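Chemist: The listed protein sequences correspond, in order, to chains A and B.
FYI, numbering that gives the first Met the number 0 numbers position 21 of the first sequence as 20, with every residue one higher than the one before it.
FYI, numbering that gives the first Met the number 0 numbers position 137 of the second sequence as 136, with every residue one higher than the one before it.
Source of the hints: derived by calculation from the structure; they are not laboratory data.
None of the values given here were measured: they were computed from a predicted structure.
It is possible that part of the hints are untrue.
Covered stretches of chain B, going by a simulated chain A footprint (3 or more residues, C-beta under 8 Å) [what the hints assert, rightly or not]:
(1) 67-74
(2) 147-160
Just a sample of chain B residues kept apart from chain A, beta carbon distances all over 10 Å, derived [as the list claims (entries may be wrong)]:
(3) D30
(4) A42
(5) E62
(6) L79
(7) L85
(8) V87
(9) K111
(10) T139
(11) H166
(12) L174
In this text, a Cβ means the ideal position worked out from N, Cα and C, and glycines have one as well.
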Amino acid sequence: MKAPNSIIALAVLLMPMPPALAAPRTHTVVIDKMKFGAVPANLRAGDRILWVNKDMFRHTATAKDRSFDVDLQPGARAVSVVRKAGAISVVCRYHPGMRAMLKVTA
Amino acid sequence: MTAKSSLLAAAAAFAIATVAAPVLADSGPTDAQIAHIAYTAGALDVAAAKQALAKSHNKEVREFASTMLRDHEAVNGQALALVKKLGVTPEDNATSQALARQAAETHDRLAKLSGAAFDEAYAKNEAAYHQAVNSALKGTLIPSADNGELKSLLETGLTLFSEHQHHAEHLAAKL
Chain A
0 MKAPNSIIAL
10 AVLLMPMPPA
20 LAAPRTHTVV
30 IDKMKFGAVP
40 ANLRAGDRIL
50 WVNKDMFRHT
60 ATAKDRSFDV
70 DLQPGARAVS
80 VVRKAGAISV
90 VCRYHPGMRA
100 MLKVTA
Chain B
0 MTAKSSLLAA
10 AAAFAIATVA
20 APVLADSGPT
30 DAQIAHIAYT
40 AGALDVAAAK
50 QALAKSHNKE
60 VREFASTMLR
70 DHEAVNGQAL
80 ALVKKLGVTP
90 EDNATSQALA
100 RQAAETHDRL
110 AKLSGAAFDE
120 AYAKNEAAYH
130 QAVNSALKGT
140 LIPSADNGEL
150 KSLLETGLTL
160 FSEHQHHAEH
170 LAAKL
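Can you build the whole structure from these sequences, using the hints too?
Modeler: This is the structure in C-alpha cells:
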C-alpha cells in the first residue's frame, strides 16, 4: 500500500495551488487644514483605511453609501474598512465642502 | 445669495473697511490689534451660534450652529495660546468695536424672530458675516500680520471661514 499512498501524496503536492488571498492592507489618509489628504490609489475590497485627524478641528470621514462613518476629534485616529469594489464618495459631515473619492477594486 | 444678504455682507464689509481706515492710516493694524479683531470675530460667531442653539428647532440649523461653536472656539483657543506664547496683549480697536456693535444689532433683530423666519435670518447672516470677515482677512488682516505664526493661524482661519461661508450659503438656499 506504500506505493499508492506516495502517489496520492505526490498528486496532492502537484495540485495547482489556489491563488493566494491577498491579505488586507491598511492605508493612511491624513486630514489637515480642512482637507482630506491624498487617498490610496491601489485600494482593494477588504482593505482598511486609517484616518488620522491632524487638524485642530473635529471632522468625520463619512461614506455617502453609509458603508462607514468615523468621527474624529482633533488629533484622533480611527480605522474603517472598504468592503466592496466600486467608487465611494467620502465627505466630512461637519464641513460638507471637504470631500474625497475612494476607488476600490475587487 | 439674495439681495438682502448681499446687502448685509456689503454693510459688514463696509463697516470693517471704513472703521479700519483710521487704524490703517499708518502701516496697517498692529499684530496686537489683528489678534483682537480675529478673536472678536470668532467670539461673536460663537455667541450667534449659542443664540441659534437656544432658539432653533431645525436639525440642520442646529448642526450648523454646533459646528460654528466648536470650530470658532477651537481657533480662538489656538489664538489665545499663541498670543500668550508671543507675549502679545490683544488690543481693543475701532474695528473690533464696530464688529461687536453690528453683532449686537443682529442679535437683537434675530431675537424677535422665531421658527423658519429665525432659521432663514440666521443662515443668511452667517453667510454674510463670514463673507465680510473673509474679505477683511484677505484684504487687511493677513497682509498686515508681521508675526509668521499669527499669519499662519489667520490663513487657517480663512480656510475654515471660507468653508463656513459656503456651508451657510448652502444652508440658507435650502431653508
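Chemist: All hints, please: hold or fail.
Modeler: Verification of the supplied hints:
1. With 4 residues having a Cβ less than 8 Å from any Cβ of chain A, the stretch 67-74 of chain B passes the three-residue criterion, so the hint holds.
2. Counting residues of the stretch 147-160 of chain B whose CB falls under 8 Å from any CB of chain A gives 3; the rule of at least 3 is met.
3. Once the 10 Å rule is applied to beta carbons, D30(B) is consistent with being away from chain A; the minimum gap is 20 Å.
4. With a least beta-carbon separation of about 17 Å from chain A, A42(B) lies farther than 10 Å from that chain, consistent with its non-interface assignment.
5. Its closest Cβ contact with chain A, about 8 Å, brings E62(B) to no more than 10 Å, contrary to its assignment away from the interface.
6. Non-interface call for L79(B) relative to chain A: holds, since the shortest CB-CB distance, roughly 13 Å, exceeds 10 Å.
7. At roughly 18 Å from the closest C-beta of chain A, the C-beta of L85(B) stays outside 10 Å, upholding its exclusion from the interface.
8. Annotated as non-interface, V87(B) keeps its C-beta farther than 10 Å from every C-beta of chain A; the closest such distance is 19 Å.
9. Chain A leaves K111(B) outside its interface by the beta-carbon criterion, the shortest separation being 30 Å against a cut-off of 10 Å.
10. Residue placement check: T139(B) keeps its beta carbon more than 10 Å from all beta carbons of chain A (closest about 22 Å).
11. The claim that H166(B) lies off the interface is violated: its Cβ sits roughly 6 Å from the closest Cβ of chain A, which falls inside the 10 Å cut-off.
12. The claim that L174(B) is not at the interface with chain A holds, since no C-beta of that chain comes within 10 Å of its own (minimum 15 Å).
Of the numbered hints listed earlier, those contradicted by the structure are 5 and 11.
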